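*Asks:* Spelled out, the chains give:
Number of protein chains: 2
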Amino acid sequence: MKKIPEEFKLIEDIRRRFPPGKGLCLGIGDDAAVLRPVKGSLEVLSADLLLEGVHFEESWTSPRDLGWKSLAVNLSDLAAMGAVPGYALLSLALKRGRAEVFLREFLNGFKRCARRYGVQLVGGDLCRSASGTVIAVSVLGRVKPGKLRRRDAARAGQLLAVIGNPGESACGLELLRGKAKGHSRLKAAHLKPLPQLAAGRMLAAERGVGALIDVSDGLSSSAHQLARAAAVGFELAEDRLLVSAALRRGAAVLRREPLSFALHGGEDYGLMFTVDAGTEQALAKKLWRKLRLRLCVLGQVVGGGRGVKLLRRDGSKLELEWGGYAHFGG
Amino acid sequence: MKKIPEEFKLIEDIRRRFPPGKGLCLGIGDDAAVLRPVKGSLEVLSADLLLEGVHFEESWTSPRDLGWKSLAVNLSDLAAMGAVPGYALLSLALKRGRAEVFLREFLNGFKRCARRYGVQLVGGDLCRSASGTVIAVSVLGRVKPGKLRRRDAARAGQLLAVIGNPGESACGLELLRGKAKGHSRLKAAHLKPLPQLAAGRMLAAERGVGALIDVSDGLSSSAHQLARAAAVGFELAEDRLLVSAALRRGAAVLRREPLSFALHGGEDYGLMFTVDAGTEQALAKKLWRKLRLRLCVLGQVVGGGRGVKLLRRDGSKLELEWGGYAHFGG
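Note that the protein sequences, when read in sequence, are chains A and B.
Residue numbers are given in the numbering used here: position 317 of the first sequence equals residue 413, and the series is strictly consecutive.
Residue numbers are given in the numbering used here: position 36 of the second sequence equals residue 132, and the series is strictly consecutive.
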């Protein structure tokens with residue numbers, strides 16, 4: 097047999113490391129992957145890009161963490177639909193030089209995340225990059241028709257709540273960039289986020305839960321997106337916002353307001369949702385008992401599409417800017 | 097309502113231009129798209145990357161053609177499975193400066209391709225690039241269980257055949273790079289390839305057809321991949337290879353062998369397949385009558401995994417290299 101090009105060897109390696117599992121008719125190595133849909137389920141599709149120089153730098157992240165994160169951020173979108181993950185496609189453009197070493201470590205991280213959340217890698221694309229590393233992942237999950245949770249289901253009178261620790265990831269990123277020592281919790285929040293799949297499914301099963309979104313763009317951005325989708329407004333209370341001791345310490349080192357991280361920091365991959373008033377305490381107990389997650393009520397949904405307002409501790413009311421990470425900001 | 101960030105405005109524009117159609121429960125604008133699978137069908141998934149500086153240069157292609165091509169190359173993978181396309185995800189990283197103009201034109205081309213082949217754009221990702229434009233597309237199609245055509249189904253005694261015009265795209269690319277005038281057929285083959293979806297479905301419905309693959313990596317590469325997957329060999333005859341007058345003229349301008357384009361040139365998006373000897377003439381007639389496509393028999397399948405051999409016009413036998421575009425070539 098003639099020698100085969102490097103690209104196909106790498107694909108054969110990946111194929112060996114990700115053998116086809118349940119529900120899959122044909123995995124890596126053909127023109128496309130083939131799978132058997134689950135009867136009675138809807139399918140949920142999402143995709144995300146991670147680019148060197150935009151989303152990460154090699155100076156502060158490892159190929160292994162990138163592998164984890166590139167899948168985890170996609171799974172967070174499935175969590176926000178109440179979906180169960182199934183399959184992933186991975187397209188990678190690698191830099192010259194040490195492509196094989198990078199790929200091996202990247203796939204270690206990717207596989208760890210895939211195993212933990214029950215995802216099969218079934219295909220993708222592999223090529224050289226002209227400049228930085230490019231990672232494009234897409235995922236397919238499933239959800240029962242009645243369990244689907246959309247962004248546009250907020251209703252006046254509901255409460256707005258969040259799980260996760262908004263701001264920790266953005267603060268961790270600043271600490272990584274500044275090469276600060278310590279602060280491992282904040283750095284891990286940025287480098288190795290945990291998609292809230294179990295929480296997403298639990299929330300989607302609750303009749304009292306309305307709209308559901310992940311907080312990948314930051315708390316204020318997610319709130320604005322929910323408000324806009326349902327043409328409602330939100331009134332958040334500053335003193336309800338959870339600011340962890342870790343975030344307080346990290347922000348102090350950076351001489352920044354912890355509140356600005358909590359409100360506008362992105363890439364936290366918690367979940368934000370609306371919930372019928374009166375049902376939130378039972379839900380909070382269940383989230384804590386089963387998943388050790390803290391439900392934080394931020395405020396309430398008000399009618400009339402009046403944007404997002406923040407009630408400050410001093411009693412003043414502030415129009416909350418649409419902050420968070422925006423790629424095309426002016 | 098507060099002003100919303102540019103990124104979300106762009107996504108709302110895209111959403112308006114790609115309204116949800118049949119089978120779709122939820123399209124662009126939520127955390128993920130939701131669709132209803134077709135009963136009794138398997139699902140087919142594929143993804144491809146197109147990078148500026150690797151796959152294209154702005155000096156010789158337009159955003160509109162890129163929009164077309166980025167979807168078309170993915171659909172070619174579905175064609176090679178005998179699948180019917182359904183949905184696409186589009187992730188784009190745009191350069192600073194004229195992102196909106198680029199996006200508008202890109203989406204015009206993408207939409208034209210989507211309409212022609214019955215694809216719904218249902219989601220994706222949008223961000224800034226640090227350097228060149230990045231395009232990542234993934235597609236979902238469907239196929240009936242009996243109609244699926246895999247790469248590993250070549251059997252000794254079958255014939256190896258191809259539809260399309262291998263070499264024209266690679267020659268077109270060289271002419272584009274050299275800023276040659278004219279040669280519109282070759283240039284179009286590179287810039288605006290046609291995925292052979294109807295042919296793929298027709299081939300998949302033929303009992304005599306075995307393995308099926310697209311020729312995106314070049315004829316020799318596709319042949320090697322088919323041979324390797326089924327552990328068979330091929331003997332191709334040089335005088336069977338179609339070299340169009342257009343390819344002959346283009347190669348002459350470049351002072352290159354037309355045969356080397358035909359054998360090793362990539363990105364043609366034709367289809368290569370094996371077919372039972374004796375059934376090829378009826379199939380050729382049908383392909384011509386219904387789709388105006390010419391079936392070209394290249395040679396035959398031989399047992400024993402003996403690689404790919406080329407019988408030259410002078411009677412000599414040549415081991416055919418695994419050529420075509422390889423990203424990680426030594």
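Hints were generated in silico from the structure; no laboratory data involved.
Predicted model, so just to flag it, every value in this text is computed and none were measured.
Idealized CB from N, CA, C, for every residue including glycine.
Check before you lean on any hint, since a few could be wrong.
If you want a taste of the chain A side facing chain B, the calculated C-beta under 10 Å gives, among others [to be verified]: (1) F104; (2) C121; (3) V134; (4) V218; (5) L338.
*Asks:* Which hints, by number, does the structure contradict?
*Replies:* 5
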